[in-house]
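Spelled out, the chains give:
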Amino acid sequence: MKETPTTATPKKILFVNTKAPYGSSLARDALDALLAASAYEQDLSVLFLGEAVFQLLRNQNPKDIGMKSLAATLPVLPMYDITQIYAQESALSTRGLSIDDLVLPVKVLGADEIAALMGSQGAILSF
Amino acid sequence: MKETPTTATPKKILFVNTKAPYGSSLARDALDALLAASAYEQDLSVLFLGEAVFQLLRNQNPKDIGMKSLAATLPVLPMYDITQIYAQESALSTRGLSIDDLVLPVKVLGADEIAALMGSQGAILSF
Amino acid sequence: MKLSIAVYGAPHSSEASESAYRFASAACSMGHSLIRVFFYHDGVHNASSLAIPPQDETQTTQRWQALALEFNIDLVVCVAAALRRGIVNTEEAERYDLESQNLGKGFEISGLGQLLDAAVSSERLVSFGH
Amino acid sequence: MKLSIAVYGAPHSSEASESAYRFASAACSMGHSLIRVFFYHDGVHNASSLAIPPQDETQTTQRWQALALEFNIDLVVCVAAALRRGIVNTEEAERYDLESQNLGKGFEISGLGQLLDAAVSSERLVSFGH
Amino acid sequence: MSLLHTVNKSPFSKDTLLNCLAICQAKHSVLLIEDGVYGALKSSPCREQIEQLSAMGVRFFALSADVSARGIDENLIADVTLASDQDFVNLVVKNNVTQSWY
Amino acid sequence: MSLLHTVNKSPFSKDTLLNCLAICQAKHSVLLIEDGVYGALKSSPCREQIEQLSAMGVRFFALSADVSARGIDENLIADVTLASDQDFVNLVVKNNVTQSWY
Numbered sequence: 001m002k003e004t005p006t007t008a009t010p011k012k013i014l015f016v017n018t019k020a021p022y023g024s025s026l027a028r029d030a031l032d033a034l035l036a037a038s039a040y041e042q043d044l045s046v047l048f049l050g051e052a053v054f055q056l057l058r059n060q061n062p063k064d065i066g067m068k069s070l071a072a073t074l075p076v077l078p079m080y081d082i083t084q085i086y087a088q089e090s091a092l093s094t095r096g097l098s099i100d101d102l103v104l105p106v107k108v109l110g111a112d113e114i115a116a117l118m119g120s121q122g123a124i125l126s127f
Numbered sequence: 128m129k130e131t132p133t134t135a136t137p138k139k140i141l142f143v144n145t146k147a148p149y150g151s152s153l154a155r156d157a158l159d160a161l162l163a164a165s166a167y168e169q170d171l172s173v174l175f176l177g178e179a180v181f182q183l184l185r186n187q188n189p190k191d192i193g194m195k196s197l198a199a200t201l202p203v204l205p206m207y208d209i210t211q212i213y214a215q216e217s218a219l220s221t222r223g224l225s226i227d228d229l230v231l232p233v234k235v236l237g238a239d240e241i242a243a244l245m246g247s248q249g250a251i252l253s254f
Numbered sequence: 255m256k257l258s259i260a261v262y263g264a265p266h267s268s269e270a271s272e273s274a275y276r277f278a279s280a281a282c283s284m285g286h287s288l289i290r291v292f293f294y295h296d297g298v299h300n301a302s303s304l305a306i307p308p309q310d311e312t313q314t315t316q317r318w319q320a321l322a323l324e325f326n327i328d329l330v331v332c333v334a335a336a337l338r339r340g341i342v343n344t345e346e347a348e349r350y351d352l353e354s355q356n357l358g359k360g361f362e363i364s365g366l367g368q369l370l371d372a373a374v375s376s377e378r379l380v381s382f383g384h
Numbered sequence: 385m386k387l388s389i390a391v392y393g394a395p396h397s398s399e400a401s402e403s404a405y406r407f408a409s410a411a412c413s414m415g416h417s418l419i420r421v422f423f424y425h426d427g428v429h430n431a432s433s434l435a436i437p438p439q440d441e442t443q444t445t446q447r448w449q450a451l452a453l454e455f456n457i458d459l460v461v462c463v464a465a466a467l468r469r470g471i472v473n474t475e476e477a478e479r480y481d482l483e484s485q486n487l488g489k490g491f492e493i494s495g496l497g498q499l500l501d502a503a504v505s506s507e508r509l510v511s512f513g514h
Numbered sequence: 515m516s517l518l519h520t521v522n523k524s525p526f527s528k529d530t531l532l533n534c535l536a537i538c539q540a541k542h543s544v545l546l547i548e549d550g551v552y553g554a555l556k557s558s559p560c561r562e563q564i565e566q567l568s569a570m571g572v573r574f575f576a577l578s579a580d581v582s583a584r585g586i587d588e589n590l591i592a593d594v595t596l597a598s599d600q601d602f603v604n605l606v607v608k609n610n611v612t613q614s615w616y
Numbered sequence: 617m618s619l620l621h622t623v624n625k626s627p628f629s630k631d632t633l634l635n636c637l638a639i640c641q642a643k644h645s646v647l648l649i650e651d652g653v654y655g656a657l658k659s660s661p662c663r664e665q666i667e668q669l670s671a672m673g674v675r676f677f678a679l680s681a682d683v684s685a686r687g688i689d690e691n692l693i694a695d696v697t698l699a700s701d702q703d704f705v706n707l708v709v710k711n712n713v714t715q716s717w718y
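Chains as they are written, first to last, in the numbering used here: chain A, 1 to 127; chain B, 128 to 254; chain C, 255 to 384; chain D, 385 to 514; chain E, 515 to 616; chain F, 617 to 718.
No lab work stands behind these hints, which were simulated from the structure alone. It is possible that some hints are incorrect.
Claimed, not checked - Cross-link-like lysine-lysine pairs, in silico, BS3-like; alpha carbons within 27 Å at most:
1) C:Lys256 with B:Lys139
2) E:Lys556 with B:Lys234
3) E:Lys541 with E:Lys608
Stated by the list, open to error - Across the chosen pairs, the derived CB separations fall in these ranges:
4) E:Thr595 with B:Ala166: 39 to 47 Å
5) F:Ser618 with B:Ser225: 35 to 43 Å
6) D:Gln439 with C:Gln316: 31 to 39 Å
7) F:Ser670 with A:Gln84: 30 to 38 Å
8) D:Gly495 with B:Pro137: 52 to 60 Å
9) F:Gln668 with A:Pro10: 31 to 39 Å
10) D:Gln439 with A:Ala39: 40 to 48 Å
11) E:Asp593 with D:Glu483: 47 to 55 Å
12) E:Lys556 with B:Glu168: 43 to 51 Å
13) E:Lys556 with A:Asn61: 17 to 25 Å
For every residue, glycine included, the Cβ atom is placed at its ideal position computed from N, Cα and C.
Throw the hints in and build the complete structure from the sequences for me.
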């Protein structure tokens with residue numbers, strides 16, 4: 001049987017989110033891609049940069065704008081074995097947000113840690 | 128014959144441009160709309176705000192990115208009887224541009240003049 | 255009051271068409287006369303008869319069609335923007351020898367001049383962009 | 385080297401698909417193996433068989449088709465993104481009882497998992513967004 | 515003449531709201547919609563300008579559906595009034611002309 | 617590990633380039649494409665950061681086709697090198713991973 005080494009060892013793949021929810025569908029599309037990816041048994045992590053930290057805010061209620069709540073879906077990530085969830089420290093502080101405002105536990109990273117995280121990946125999916 | 132007063136007197140209509148060329152097609156789409164509008168004998172004017180002042184730069188050569196030069200088309204505006212052409216003073220200065228860098232003569236406006244121009248219109252088309 | 259709106263954003267991808275629809279619906283229910291919705295730039299995708307959003311998501315095309323039918327609104331799609339983006343009616347499909355058309359019922363393809371005409375014939379015009 | 389790219393922008397509206405194509409073309413001509421182009425979000429419009437840009441503008445769909453044919457590239461369109469935006473193949477058209485299909489020849493509709501698969505099977509993946 | 519501005523981009527990442535505020539004058543109204551409602555946050559980078567312009571007679575609104583969607587109802591600047599879709603229509607009708615910033 | 621960043625938005629109106637530069641380190645490369653090439657202008661709001669990072673070992677490039685398209689060839693920061701489409705491919709190949717900022 002032919003060996004397929006690239007799939008045998010889990011590959012480190014980072015999903016980078018940079019968009020606020022709802023104004024465009026990219027935030028939702030990134031989450032859909034992440035959930036689909038969870039079936040492939042790779043080493044997945046997800047990072048929320050800049051405006052994307054707004055995706056994590058509690059109390060989202062987008063019913064009146066005809067959309068589904070991201071905040072209602074994001075907490076399922078750990079159930080899909082996605083536990084490496086990161087948010088940019090400066091993005092939170094600039095927006096006056098603390099981790100208590102968020103719908104799921106995240107690890108808060110500074111600039112150097114973000115550079116190290118990105119640099120350690122086998123691939124990055126940018127949203 | 129039934130009178131149509133709204134079309135009998137030319138209506139003041141302002142085209143407001145806010146986008147850089149090429150990254151999106153909105154700059155081109157705004158210009159197409161303006162040229163189409165010139166056939167209707169209304170009182171047209173056009174204003175370049177923020178990034179849109181980049182539309183007016185000389186020496187654009189977008190052949191290698193598969194697009195048509197805005198700088199090559201914009202100078203036809205006066206031939207279409209569109210002579211009220213305005214650009215935002217602060218947008219030019221922030222970008223290090225002077226009116227000598229532009230492909231057609233424009234009237235440079237400060238913030239108060241822009242507010243007055245917008246306020247005097249019968250309609251604004253925002254791009 | 256006579257109103258018109260211009261829509262520059264595609265459904266789903268951008269919130270612009272959602273905002274435009276809610277504005278249109280509110281204006282009509284308040285008794286204003288919405289005479290035209292002009293779809294330009296990515297807004298032309300609002301007119302696609304082939305878009306199939308999941309059942310629990312907004313059915314954009316049908317929603318515009320229903321509103322237009324109830325309140326007698328012109329739904330005008332810019333021909334140049336539509337051709338570039340793959341939205342064609344039967345006439346254009348024949349002209350360009352395409353195997354099918356995909357313009358939703360109730361939408362009309364017309365020239366860019368109809369945007370200026372909307373600005374001239376309405377007392378207010380509002381743009382919804384992305 | 386084995387490469388894949390992800391395209392999130394629609395032709396004409398955004399420069400993303402132009403940049404993606406030029407990158408793809410350069411990579412192929414340099415002897416790299418471009419194994420997949422994955423079209424997601426507004427990128428699905430790259431696959432429309434009904435888009436008719438003016439003759440002196442870029443014929444996006446045909447350009448991808450020609451490149452894929454010459455260099456044996458998978459052109460994969462995300463099914464969920466495509467259905468929401470009105471890009472359907474014959475199978476989906478039948479399933480949803482639509483009167484026509486508009487997926488360009490050479491493009492294949494598939495699941496979102498193919499994006500991750502591209503990331504796993506390629507040595508490099510580049511995203512082109514708007 | 516009265517002028518309505520709509521703004522649909524967040525000032526945390528784009529200069530859209532800043533550009534709008536730069537030309538705002540008394541009797542103008544500004545309606546924040548879509549991602550523009552983030553501009554009404556107490557942490558907004560435009561908070562100072564909004565409060566100054568508000569004191570000068572510019573009126574500020576945020577579309578209620580977009581505020582609720584984003585979960586920020588509790589954190590808005592006091593000078594910004596929530597507006598329904600009907601209020602949006604009334605703002606368009608009452609002002610002579612509308613400039614959409616996007 | 618080496619990292620390539622691509623940036624396609626103008627820093628005169630969006631914070632995309634600024635966000636990228638905030639996490640840039642020595643051995644990273646930054647390629648400005650599409651409207652991102654305005655970031656290479658001498659008048660760029662990010663000029664100082666680019667020059668500082670360049671001195672620290674970050675390499676900066678601007679896609680030549682996009683620079684010419686916009687007519688800004690004559691006004692670029694000296695630390696930014698013009699790149700062809702082939703150079704873009706080589707940058708992707710030589711760096712371990714690419715983050716696209718858009």
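A quick look at each hint next to the structure:
1. For the given pair, C:Lys256 sits about 17 Å from B:Lys139 by alpha-carbon distance, which is consistent with the 27 Å threshold.
2. With a CA separation close to 38 Å, the supplied pair E:Lys556 and B:Lys234 exceeds the 27 Å bound.
3. Taken as a hint, the E:Lys541 and E:Lys608 pair is honoured in the structure, with Cα atoms around 11 Å apart against an allowance of 27 Å.
4. Range check, E:Thr595 to B:Ala166: Cβ separation about 42 Å, and the 39 to 47 Å hint holds.
5. The given range of 35 to 43 Å is respected by F:Ser618 and B:Ser225, whose C-beta atoms sit roughly 40 Å from each other.
6. Separation of D:Gln439 from C:Gln316 is about 34 Å and conforms to the stated range, judged on CB atoms against 31 to 39 Å.
7. Between F:Ser670 and A:Gln84 the CB atoms are about 32 Å apart, so this pair conforms to the stated range of 30 to 38 Å.
8. Between D:Gly495 and B:Pro137 the beta carbons are some 56 Å apart, a value that agrees with the proposed interval 52 to 60 Å.
9. For F:Gln668 and A:Pro10, the Cβ-Cβ distance of about 38 Å falls inside the hinted range of 31 to 39 Å, so the restraint holds.
10. The beta-carbon spacing between D:Gln439 and A:Ala39, approximately 45 Å, falls within the hinted interval of 40 to 48 Å.
11. With their beta carbons about 53 Å apart, E:Asp593 and D:Glu483 fall inside the hinted range of 47 to 55 Å.
12. Taking the beta carbon of each, E:Lys556 and B:Glu168 are about 50 Å apart, inside 43 to 51 Å as hinted.
13. Between E:Lys556 and A:Asn61 the Cβ separation comes to about 20 Å, which falls inside the hinted range of 17 to 25 Å.
Of the numbered hints listed earlier, the single one contradicted by the structure is hint 2.
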